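Based on the provided sequences and hints, a complete structural model is requested.
So the sequence lines, in the order shown, correspond to chains A and B. The numbering used here applies: residue 1 is where the first sequence begins, and numbers increase by one. The numbering used here applies: residue 446 is where the second sequence begins, and numbers increase by one.
It is worth saying that the hints were derived from the structure and are not from the lab. Here the structure is a predicted model, which is why all the values come from computation and not from measurement. Ideal Cβ placement from N, Cα and C applies to all residues, glycine included. Hints should not be assumed to be uniformly reliable.
Pairwise CB distance ranges (calculated) [claimed, not checked]:
#1 S833/B to A216/A: 29 to 37 angstroms
#2 P669/B to T405/A: 38 to 46 angstroms
#3 E354/A to A468/B: 23 to 31 angstroms
Cut-off 35 angstroms, straight-line C-alpha distance, at most; resulting in silico cross-link-like pairs (DSBU-like, lysine-lysine) [claimed, not checked]:
#4 K231/A to K157/A
#5 K747/B to K157/A
#6 K827/B to K220/A
#7 K392/A to K231/A
#8 K753/B to K157/A
#9 K220/A to K747/B
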Amino acid sequence: MANPAPASDNGGIAITEHRLANGLRVVLSEDHLTPVAAVCLWYDVGSRHEVKGRTGLAHLFEHLMFQGSANVSNNGHFELVQGAGGSLNGTTSFERTNYFETMPTHQLELALWLEADRMGSLLAALDDASMENQRDVVKNERRQRYDNVPYGTAFEKLTALSFPGEHPYHHTPIGSMADLDAATLEDARTFFRTYYAPNNAVLSVVGDIDPEQTIAWVEKYFGSIPAHDGKQPPRDGTLPETMGQEVRELIEEEVPSRALMAAYRLPHDGSREADAADLALTVLGSGESSRLYNRLVRRDRTAVSAGFGLLRLAGAPSLGWLDVKTSGEATIQQIELAVDEELARFATDGPTAEELERAQAQIEREWLDRLTTVAGRADELCRYAVLFGDPKLVNSALGKVLDVTAEEVKAVAAARLRPDNRAVLVYEPLPDTAAANDAAEEDAA
Amino acid sequence: MSAYVPAMTFHPQPEPGTPTPWAFPAPDRLALANGLTVLHCDRPGQQLVAIEVLLDAPLAAEPEGLDGVATILARALSEGTDTLTAEEFAGELERAGATLDAHADHPCIRVILEVPASRLERGLTLLADALRAPALPADEIERLVANRLDEIVHEQANPARRAAKALYADLFAAADRLSRPRSGTAETVKGIDRAAVQAFYAAHVRPTTATLVVVGDLTGVDLPAMLESTLGRWTGEKAEPSTAAAVTADDRGRVIIVDRPGSVQTQVLIGRIGPDRHDPDWAAQILGTYCLGGTLTSRLDKVLREEKGYTYGVRAFAQPLRSNADGSGRALLAISGSVDTASTAPALADTWTILRTLAAEGLTDSEREEAVQFLVGVAPLKYETAGSVAATLADQVEQHLPDDYQAEVYRLLAALDTAAATEAVVAAFPPERLVTVLVGDASVIADEVKELGIGEVTVVAN
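In structure tokens, the structure reads:
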């Protein structure tokens with residue numbers, strides 16, 4: 001069969017950069033295909049900056065950013081943006097907090113005004129009522145997404161095993177219930193004063209914009225917000241390249257089936273080795289032509305699902321995320337044996353030429369998918385600016401992945417995808433759970 | 446509290462500029478020689494092309510006792526063809542940078558391909574092979590059946606899935622396919638084999654009753670020729686399109702608690718049925734339902750989330766179930782979310798108060814204004830991608846609506862007044878005709894819920 005043509009041959013995203021006197025970095029990218037403009041603001045603060053006893057504070061604080069500021073009422077941010085035909089949200093991860101609005105072009109200025117108002121004057125509106133209310137909302141977010149669903153706390157448990165003790169990535173952004181309860185209004189104020197400064201943020205605006213007009217608005221609304229330098233760097237996240245020995249935890253609880261999950265310590269995001277690791281995990285565990293899917297789901301029929309994902313981290317080792325749910329009576333031992341066999345074989349032989357081509361085509365499609373919306377592009381520009389210092393890196397990112405060789409993929413697999421370089425989480429259902437589920441099958445009403 | 450004086454210079458809230466006109470894209474139609482209907486729409490710049498195929502294989506057509514055969518067929522379409530094994534087919538798709546998903550729902554089977562524009566022809570060839578000559582191999586079907594049985598156990602443990610299953614089972618008559626899980630129960634799935642899947646394919650998958658939707662950057666593509674040389678090779682006997690049976694539901698107010706001991710939250714799903722999108726008041730219902738529960742500044746979340754903190758978020762929505770061209774179809778109307786266990790009864794009490802207040806006092810003009818601005822204004826970004834346009838065009842075909850339906854909804858929304866929106870949402874959510882499903886710890890919540898007076902309470906085992 002003939003080789004498929006390359007998926008895209010465009011020259012990349014047009015980017016201009018600016019820096020205001022107060023240190024705010026601004027990245028603009030013009031694209032007039034659709035009459036919309038995306039505003040994205042990354043603050044260089046995430047859960048890795050939190051201190052002992054205050055896990056979850058960065059995320060709780062993100063919620064407080066929607067509770068009004070000097071000229072915006074409680075919930076006014078949502079009302080004004082949606083009332084202008086825009087969509088918006090914010091998210092918190094280990095390494096950053098982002099806020100974004102996508103607006104019809106003619107409402108772009110409103111989004112800039114709103115972001116500037118809360119960057120410069122949040123504390124004018126922040127009060128106990130907001131704090132108490134959003135504390136309850138976030139606790140319900142935690143229950144809904146993690147505590148009340150089977151395997152819901154696996155991410156938290158495996159992260160804790162992967163980054164031991166006092167490591168800044170030991171806890172996940174959602175935080176613990178106890179710490180959420182303990183957070184005070186003064187903690188939130190201090191957090192704002194420490195991290196929410198123009199010189200600790202990158203603003204990107206992408207879409208149907210006039211760059212000159214846009215930078216004039218940015219200057220007008222953000223220009224007078226004072227810089228400040230109270231920020232503490234996150235605690236050191238340096239770890240050896242490999243773990244040296246396996247860590248393992250057995251969970252016995254009410255889950256529908258056995259599960260084997262593992263996190264492998266991998267190279268930092270931004271490195272060529274991280275791209276090689278991405279390709280290795282794609283060949284091994286992404287999609288229905290991957291080695292683990294073929295082995296466990298198709299051939300052995302010991303698993304209902306089997307796959308690998310990559311959690312890219314820049315300030316600590318990335319994690320290669322294995323998730324296998326067993327089928328029927330299959331045991332963890334069977335699964336583990338097969339996984340280790342496949343990983344060992346891959347470490348010895350590397351990917352075939354066809355596997356590498358498929359993996360690169362998949363990553364290329366995912367990349368196209370992310371860049372297909374103005375909001376997706378705005379977020380990527382902020383990512384490269386905040387984590388790697390240069391938004392223009394967005395234009396060479398895909399080329400780097402396509403440039404990686406089979407030899408490099410094999411090398412990273414051999415060095416990292418080893419049993420002595422992983423944290424393992426095993427789920428065993430409680431003895432009566434399976435029986436309860438069988439009985440439940442019959443009573444649909 | 447210290448006096449806080451922001452150091453920045455404030456400016457008045459800016460006024461909007463001049464809106465750029467935008468309209469939902471109008472598709473063009475063509476028919477292939479084999480009878481396949483095609484809707485296509487060029488979206489310059491959208492390098493990921495979205496393709497949806499609607500197969501006239503409704504769940505109601507599944508043979509007695511074989512619920513789930515449509516789902517197994519949908520999944521089996523990508524398990525190999527006359528020239529490729531299952532593993533090879535998956536590999537070829539990935540090599541083209543494509544994804545292929547298929548699922549069966551009450552109106553039809555939908556097959557969705559996404560592929561980079563530069564590899565469109567390869568993607569269409571693979572899609573055509575999957576539809577034209579699927580191998581439907583016995584061993585892969587046996588595996589898909591086993592997989593499905595495993596999945597059922599996982600779904601049973603998921604509160605949101607469990608709530609939906611309980612609501613559909615109680616709301617609809619037992620004889621109606623709607624009352625039973627879309628992908629079958631353990632009992633029915635166990636009975637599915639290659640012969641059953643092959644027979645369902647032979648009876649319902651054919652180009653003359655299928656529709657193809659293609660959306661994306663089609664610059665320089667001779668689409669009719671490319672389609673004829675790919676999907677045009679698919680052949681089949683002519684057949685009459687299916688028609689959907691009428692939907693009836695018993696929505697007298699009542700409460701079903703699915704007992705899930707130890708739950709830290711209660712999953713809440715409150716539902717009934719209403720008209721489908723043919724109804725002249727559909728646009729007004731969209732508007733009113735958004736004001737009730739479309740976002741966190743809507744009436745429900747304003748109280749349940751932003752005042753009381755009972756939930757991460759509750760939404761009200763309408764979801765078409767089964768439609769006919771004559772407008773006899775029906776949609777599920779629902780309120781859905783989860784609340785911490787202790788707040789279950791208080792959250793329900795507030796919900797009923799909100800609905801009664803809405804009926805008594807109506808929506809305000811400013812609520813209507815903000816909702817219209819959002820629903821109409823957000824359209825250009827909602828439909829930025831090829832995939833979102835293709836999905837909406839496919840929904841219109843599936844529900845027997847004209848190609849300009851969505852464009853017309855936007856025109857109607859902009860013109861609606863507050864009274865029309867109030868009337869529609871009050872008609873959609875009458876407090877005494879709502880079936881409430883709660884998946885949670887019955888030992889903690891049942892007594893308080895009984896005292897609310899929102900209907901007779903039944904507790905069932907999970």
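Tell me, in ascending order, the numbers of any earlier hints that this structure violates. Of the numbered hints, just 3 does not hold.
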